[in-house]
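Undergrad: Each residue of the sequence shown is one higher than the one before, counting from 1 in UniProt numbering.
Hints in this document: simulated from the structure, not taken from any laboratory. Backbone N, C-alpha and C fix where the C-beta goes; we use that ideal spot for every residue, glycine too. Hints are not guaranteed to be accurate.
Computed list of lysine-lysine pairs in DSS-like fashion (alpha-carbon distance at most 27 Å, straight line) [what the hints assert, rightly or not]:
| hint | residue 1 | residue 2 |
| --- | --- | --- |
| 1 | 540 | 574 |
| 2 | 214 | 264 |
| 3 | 100 | 209 |
| 4 | 264 | 281 |
| 5 | 95 | 209 |
Distance windows between CB atoms, simulated [claimed, not checked]:
| hint | residue 1 | residue 2 | range |
| --- | --- | --- | --- |
| 6 | 500 | 313 | 25 to 33 Å |
| 7 | 100 | 227 | 42 to 50 Å |
| 8 | 220 | 542 | 18 to 26 Å |
| 9 | 573 | 350 | 36 to 44 Å |
| 10 | 245 | 438 | 42 to 50 Å |
| 11 | 213 | 406 | 39 to 47 Å |
| 12 | 395 | 203 | 48 to 56 Å |
| 13 | 408 | 350 | 39 to 47 Å |
| 14 | 146 | 279 | 41 to 49 Å |
| 15 | 159 | 373 | 23 to 31 Å |
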Amino acid sequence: MIDLLSRAKEWYCNGTFKSVGALFTQLWSIHIFLREGDAIKQVPLLFVVMSGKSVSDYVAILQRFKNNMLNNPVVGHLIMDFEFGAVITDAVHSKGMFTKWSDVWLEDVDTYQKNGGMAVTDVDNDGNFDIIVAGFNGPNMVLKFDRSSGTFRNIATNDSPYDALRDEWGQTTSVAACDIDGDGREEIYMINVNREHDSLTSHPDKLFKWRNGKYNDLFADEINIKLGFQHFMSRSVACVDRYGIGKYGFIVSTYANNDQDMLKFVLIEMDEYSEYNDIEKGFIVLKDSSEESGLDKIATGMGIAVGPLLNTDGKSDIVVANEGNSLLKNGAHNFLFHNLGNGSFVNIAGQLGVSDENEAGRGVVLADFNDDGLFDIVCVNWNGPSRLYLQKNDQDGHRQFEDVSKAEFSDNYRVNSVVVADFNNDGQLEILFNNLGEDGHPQSNVLFTATSRGVAHHPFVRIIDIGDAEEIDGYGTGAVYVDVDDDGVLDLLLSHGQSQSQPVDIYRSLSGQANNYLRVSVLTKFGAPARGSSVKVLTKLGRSLHQVIDGGSGFSCQMEPVAHFGLGSDVPIKIIIQWTDGKQFVWLPSEKDINTTLLFYHPLYDMYHTVMNTTSTTLRTTYNNKTHTHREL
């Protein structure tokens, strides 16, 4: 098979590419998926010589290559899928971690405006992730990657089914998505802020649901207007399944005056007991569950992160970074809402040492930095020292957090958001500070690597070369990661705005192509992303890697709902999934599972979702979000 492809490459390079010209400056990769018996095999990257032409010229030439390959009598009938990859030569490769890719992937989309946070979800329900970009002084955007052209397009246009998501006058700052009614499709919450932080917004938040072939605002339904709770002084939003039933609520942090009880944090959920619910037709009665859950606090709330931080039963806890505002009579102490197991929460940030009373909190992320199976907390502060809280058990077996941040990590950065992920698949986590510059006071983004030294030691954290994503003059507002082109390497999107219009930028890490990886997607019993669930991977070299399916993190953002593990040269030997209801599933991966995306359904999926002939013991190995093999465990 490889010999056939090598010959095809030789034929093509000796033929068509000669007509391009003699100036060869770039190498483009091509991903080809071939049928080999009953299996699908991903062929190693093919590197094709290109000349220094425009992106449209590149795409046209590669399209010609694709057509020639598909029509080739020797290999054409074996090709199942074909996808263009990345430019990978020194001529365009940044020396640091990230290489800017906006001119390639975003050449057809005008993103220049003041943009806020971003969220990764499947907006059009086609099985591929899209990126929602909050527009502060313009419309919201939904960026969809078009695999035929190798570029993004904005599908939220006038007269499209996604027109309502544009909400052009809302001044959206934050967005999150999750399934609130158990229909298997994620609803979308958008926070709108178009007045000062200490007064009600004149343009309310929106909660969009797919109904009658388009997105509709549930807050605008008559039954929900009467409840009168859609006007909040909102700042950030995330998703939490507090009962572990596979249905989520949107927790909304507010930026409130301490004298205004009506501006407490809110928790928007479906009213399960309302007789007016009609899930099949898409009519949902909403309620604010903040008081009954213990989340009705008053603060200047900023970033939110959700996951099984303290619980061994999978129940989600909530961490909120608070800014503090003396004029609004609010302190800056953070919240750590511990889930008591019955759907109610208690704030124990002070007892556990993460309240950080004197700093202006911004973004927050949960991650395991020392392979002990406990989630740690990164909390970044505006113009103050950021924190890396390492979780541990004290001598009495009680949980505590220790701030192990050192040197540059605790310097005073104007951090707006933070992202933690393994961008080069070397098995170590990177921490990116997305900083907000101001006129006359530029603030570059900063990238750290956190090397795990095992359970008994603190991680070794140091600054590394960020490459093109440094953005010396950037007005950073949001940051998300997602594997855009399904090459197994995470891509980084940075949004900008607040005080000055700037475009969204995309960055790739081109140094991790040779490293192993594993991606794990987890679904609820209703078939939606199981945000807040956790995935643990044990490796042959003795490591224990642990991630949460993101329900919201950073500041005003939400990452792709996939647990992405870089492995370097290591290989996985066991995968343990735990859902928010505590149910677990263990899978022993084989060699063929390395460098793939594995999709796991909740054990009760077949009881709640009978449309598909699929059971809880089905594992799907996916390439490019298309299912090629099904195996019963």
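Undergrad: Between residue 159 and residue 373, is the Cβ distance one that fits in 23 to 31 Å?
TA: Cβ of residue 159 to Cβ of residue 373: about 50 Å, so the range 23 to 31 Å is violated.
Undergrad: Do the beta carbons of residue 220 and residue 542 sit within 18 to 26 Å of each other?
TA: For residue 220 and residue 542 the Cβ distance comes to about 54 Å; the hint is violated.
Undergrad: Just to be sure I understand the hint, the distance between the Cβ atoms of residue 146 and residue 279 should be within 41 to 49 Å; is that true here?
TA: 32 Å, violated
Undergrad: Against the 27 Å threshold, does the CA-CA distance of residue 264 and residue 281 hold or violate the hint?
TA: With Cα atoms ~32 Å apart, residue 264 and residue 281 exceed 27 Å; violated.
Undergrad: Decide if the proposed pair is consistent with the structure: residue 540 and residue 574, CA atoms, cutoff 27 Å inclusive.
TA: Holds, at about 9 Å.
Undergrad: Return holds or violated for the Cβ distance of residue 245 and residue 438 against the range 42 to 50 Å.
TA: Holds: the Cβ-Cβ distance is about 45 Å, inside 42 to 50 Å.
Undergrad: 48 to 56 Å was suggested as the range; check whether the CB atoms of residue 395 and residue 203 agree with it.
TA: Check passed, 53 Å falls within 48 to 56 Å.
Undergrad: Holds or violated: 36 to 44 Å for the Cβ distance of residue 573 and residue 350?
TA: At roughly 40 Å between Cβ atoms, residue 350 and residue 573 fall inside 36 to 44 Å, so the hint holds.
Undergrad: Against the range 39 to 47 Å, how does the distance between the Cβ atoms of residue 408 and residue 350 compare: consistent or not?
TA: Once the Cβ atoms are compared, 28 Å apart, the range 39 to 47 Å for residue 350 and residue 408 is violated.
Undergrad: Between residue 214 and residue 264, is the straight-line Cα distance small enough, at 27 Å or below?
TA: 32 Å, violated
Undergrad: What's the verdict on residue 95 and residue 209, does the C-alpha distance respect the 27 Å limit or exceed it?
TA: Roughly 44 Å separates the two Cα atoms, so the pair is violated.
Undergrad: Is it true that the C-beta distance of residue 500 to residue 313 lies inside 25 to 33 Å, as the hint says?
TA: Check failed, 46 Å falls outside 25 to 33 Å.
Checked against the numbered hints above, the structure violates hints 2, 3, 4, 5, 6, 8, 11, 13, 14 and 15; every other hint is satisfied.
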